[in-house]
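K.L.:
With chain C fixed as given, assemble chains E and H onto it according to the hints.
Chains as they are written, first to last, in this note's numbering: chain C, 1 to 385; chain E, 386 to 665; chain H, 666 to 818.
Keep in mind that the hints were calculated from the coordinates and are not lab data.
A quick note: this is a predicted structure, and the numbers were derived from the prediction, not measured.
Treat the hints with care, as some may be off.
Said to hold, decoys possible - Simulated crosslink set (DSS-like; lysine-lysine; CA at most 27 Å straight-line):
no.	chain 1	residue 1	chain 2	residue 2
1	H	K680	H	K780
2	C	K175	C	K203
3	E	K610	H	K675
4	H	K801	E	K571
5	C	K145	E	K646
6	C	K242	C	K175
7	H	K780	E	K610
8	E	K571	H	K780
9	C	K242	C	K298
10	C	K203	C	K83
11	C	K298	E	K610
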Amino acid sequence: MTSEPRIIERKALDQLLEALTQEGYQVVGPTLGDGAIVYGPVQASEDFPVGWTDEQEGGVYRLKKREDKALFGYVVGPHSWKKYLHPPERRLWTGQASGTDFELTPEPVETARFAFFGVRSCELHAIEIQDRVFIHNDHVDEDYKARRENAFVVVVQCGQAGKTCFCVSMNTGPKAESGYDLALTEILDEGRHFFHAVAGSPKGAAILQQVETRSATSSDSAEAEEAVQKARGQMGRTLNTKGVKELLQENPEHPRWDSVAERCLSCANCTMVCPTCFCSTVEDTTDLTGDHTERWQKWDSCFTMDFSYLHGGSVRASTKSRYRQWLTHKLSSWIDQFDSSGCVGCGRCVTWCPVGIDLTEEVRSIREENTVRLPSKREASNGNA
Amino acid sequence: MEDIQRQNVMVPRPFLVHRVHKETEDTFTLELNGEDSAESPPFIPGQFNMLYAFGIGEVPISISGRSEASGGWLHTIREVGTVTRALHRMKRGGVLGLRGPFGTGWPIEEARGNDIVFMAGGIGLAPLRPALHVVQSMRDQFGEVALLYGARTPESLLFEKERELWRAKFGVQVKVTVDAAGREWKRNVGVVTNLVERASFDPAHTVAFICGPEVMMRFSVVELKQCGVPEDKIYISMERNMKCAVGFCGHCQFGPTFICKDGPVYRYDRIRQFLNVREV
Amino acid sequence: METLEPILSKHPFFKGLDKAYMELVTGCAKNVRFDAGQFIFRQHEAADVFYIIRQGKVALELSPPGRPPVTLETVNEEEILGWAWLVPPYHWHCDAQAVELTRAIALDGKCLRNKCMEDHDLGFELLNRLLPVIGKRMEATQLQLMDVYGTKA
Chain C
1 MTSEPRIIER KALDQLLEAL TQEGYQVVGP TLGDGAIVYG PVQASEDFPV
51 GWTDEQEGGV YRLKKREDKA LFGYVVGPHS WKKYLHPPER RLWTGQASGT
101 DFELTPEPVE TARFAFFGVR SCELHAIEIQ DRVFIHNDHV DEDYKARREN
151 AFVVVVQCGQ AGKTCFCVSM NTGPKAESGY DLALTEILDE GRHFFHAVAG
201 SPKGAAILQQ VETRSATSSD SAEAEEAVQK ARGQMGRTLN TKGVKELLQE
251 NPEHPRWDSV AERCLSCANC TMVCPTCFCS TVEDTTDLTG DHTERWQKWD
301 SCFTMDFSYL HGGSVRASTK SRYRQWLTHK LSSWIDQFDS SGCVGCGRCV
351 TWCPVGIDLT EEVRSIREEN TVRLPSKREA SNGNA
Chain E
386 MEDIQRQNVM VPRPFLVHRV HKETEDTFTL ELNGEDSAES PPFIPGQFNM
436 LYAFGIGEVP ISISGRSEAS GGWLHTIREV GTVTRALHRM KRGGVLGLRG
486 PFGTGWPIEE ARGNDIVFMA GGIGLAPLRP ALHVVQSMRD QFGEVALLYG
536 ARTPESLLFE KERELWRAKF GVQVKVTVDA AGREWKRNVG VVTNLVERAS
586 FDPAHTVAFI CGPEVMMRFS VVELKQCGVP EDKIYISMER NMKCAVGFCG
636 HCQFGPTFIC KDGPVYRYDR IRQFLNVREV
Chain H
666 METLEPILSK HPFFKGLDKA YMELVTGCAK NVRFDAGQFI FRQHEAADVF
716 YIIRQGKVAL ELSPPGRPPV TLETVNEEEI LGWAWLVPPY HWHCDAQAVE
766 LTRAIALDGK CLRNKCMEDH DLGFELLNRL LPVIGKRMEA TQLQLMDVYG
816 TKA
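Pulled out of the complex, with its shape left as it was, chain C reads as follows (with noise of 0.2 Å):
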């Protein structure tokens, strides 16, 4: 469902948050931290990284001052809302020793509820396909499902794209069509500055509700609509997603997966990074005494030699197995796996990548030296549809 558009002035966009807080939301958005963009609560409108915007390329990020004073002015920066559905460290349960005997405790789940405010739509999307890896699988994380079932999306629409970006490739944005509470996007020039609101769930119309806004007019509806196609023409890369599966699936002793080998650091940074990657460990943690334990979860990543270690060694001991793993996994097996692409074009892992490996680079590499016949009559499979 969406609602009839409003416009909400940018004094009035703290009554959002209030009206948020109010509902027992706790609200965690885009704030200033580390010389970057990251997400943290949120108490008011001036939290927001006002006048800021982000410069991205290959292993470059950096933070610039605006000429204006854009709460959303920038693309996205090296978290994602996994650190609040799939967080970087969980307890699972603790154990208490007594004689032979033990007992464990499972770790209640979160009854938390988020509002994420400031959801871009590859993130919207990144979040749709974790959904797939934790809910809509053989079994069912239970944590994750109630951050999940609890979290309330306030989508911002990307006004402008980085020179990473390549949402419009993977087909996933830069609009949020749908799978969000609110939708805004962030109009300003001129003197004038507002968010054109789009209410996209029942929970999102009664917000909404709460908060003063006009209706809106033909032309601000336009106008919210021509910022989003401004981002769509921005598009820093591009990934040519055509038979992508096959590509990389048919292609395991390519030589470019040595080249890249040589470069890539295994640093785990992209794994990190990315708003899909899943992927975690267990530690045990015990007391001195023994007689008490805890069983954490933690993010991990297919970079570490530790990942595929099988008694006596690590199953994937060179950098071109571990970085041929993590590619053909995002952007092929995934599918098989969970019918979609793993990757949603948001650029994190070209971004953040300390030596700027572009893995839509290495996918254009491995296709323009393919010798392997890739499925032409047929519709090939691309990832998300």
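P.N.:
The following block gives chains E and H in isolation, referenced to the frame of chain C:
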């Protein structure tokens, strides 16, 4: 609390160690019952459990059978690391944690009316054993049944009494070989693939179940194919690092599959393209 | 006198071999038997015999320095023993000891070599049957070298 615990697939349930049985120098079998000494739940031969030693950690172990006496699950384990060492130290009456059973099993039904060839390498006989138990319980449903079993040395061979029972009482062609032996060993020496020629079965109407080290399984498939067993009648059991066992953690990926839920037992032709890629 | 030809031509190794060649081969053949524990040949001795095993089991052994002898392969009935008679310098590569009572047909290696030299078609037939045995032995050695069942704790 008990109810939540039962629902949460990530939390091990307590199981009682009913018996610890030494098999070889480094291999032992644990017999496990529910905490109220109850019979363990049903499982499909080929499936595995995650066994948890308190305060130490968790490992995936295939179920190697069910105790006729107590109804408990049997797990035959080789001591290779910290957790398996801790499991080896368990005593009767001790408690360990268990999650499972997980994964796919041997499609014994599919073999009905056909010959069956079991090929086992080393500890790989353990995950095949419950399948042999099923075959033994309805022996007349199958034609020729052969167990071709290779191990490193005579001392590392498992389940001698049972192998003799299968041979003598259930008409199973049991052929055993070791990679190397001293003069006191009067039986076969050589690789397990050598045994294929020596067994009698009708390749076109045979289903083969193979379990052992990956290299051994690859060589075995080549041998079986060469003598005419169709690729889609060959099943193998894969192994990778495993953490969650339910498809969340990503560790056990093998090509586009998750060994914890799409495996460990796979039909060979479905994973053939990934088996010969190094470090996949 | 009854010849060994019917027995030889039934052995899997000679399956399908032309009757004329079968007769040539039989001309080099004699019956042998070895008791359990008896050595059939020793490493580095001249390899002048090609054994066609009819019954029993033979262990191929190596003696590593300072360690007891180790068996690397056993050869059973319906299989063949030894190919060193065909490859210079015609010396055995290991010891062969009968594990149990073993009956075999011994073919004179020199005699066979000469016949192969005289008739290359026969030589091709025999090589064609021996090479897979040698190839398989090499593959087995590779597999054994990998020590796939492992012992490291």
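K.L.:
Are the hints correct? Go through all of them and say.
P.N.:
Quick rundown of the hints versus the structure:
A distance of roughly 19 Å separates the Cα atoms of K680/H and K780/H; the hinted pair therefore holds under the 27 Å criterion. Simply put, K175/C and K203/C have alpha-carbon atoms about 21 Å apart, close enough for the 27 Å limit, and the pair holds. For the suggested pair K610/E and K675/H, the alpha carbons sit about 25 Å apart, so the restraint of at most 27 Å is met. A C-alpha spacing of about 22 Å is found between K801/H and K571/E, which places the hinted pair at or below 27 Å, so the restraint holds.
Only pairs whose Cα atoms come within 27 Å are accepted, and K145/C paired with K646/E is accepted, the gap being roughly 20 Å. For the suggested pair K242/C and K175/C, the alpha carbons sit about 22 Å apart, so the restraint of at most 27 Å is met. For the hint linking K780/H to K610/E, the alpha-carbon distance of about 36 Å lies beyond 27 Å, and the restraint is violated. Only pairs whose Cα atoms come within 27 Å are accepted, and K571/E paired with K780/H is rejected, the gap being roughly 37 Å.
For the hint linking K242/C to K298/C, the alpha-carbon distance of about 34 Å lies beyond 27 Å, and the restraint is violated. Annotation: proposed proximity of K203/C to K83/C holds, straight-line Cα distance about 23 Å (limit 27 Å). Taking the CA atoms of K298/C and K610/E, the gap is near 43 Å; set against the 27 Å cutoff, the hint is violated.
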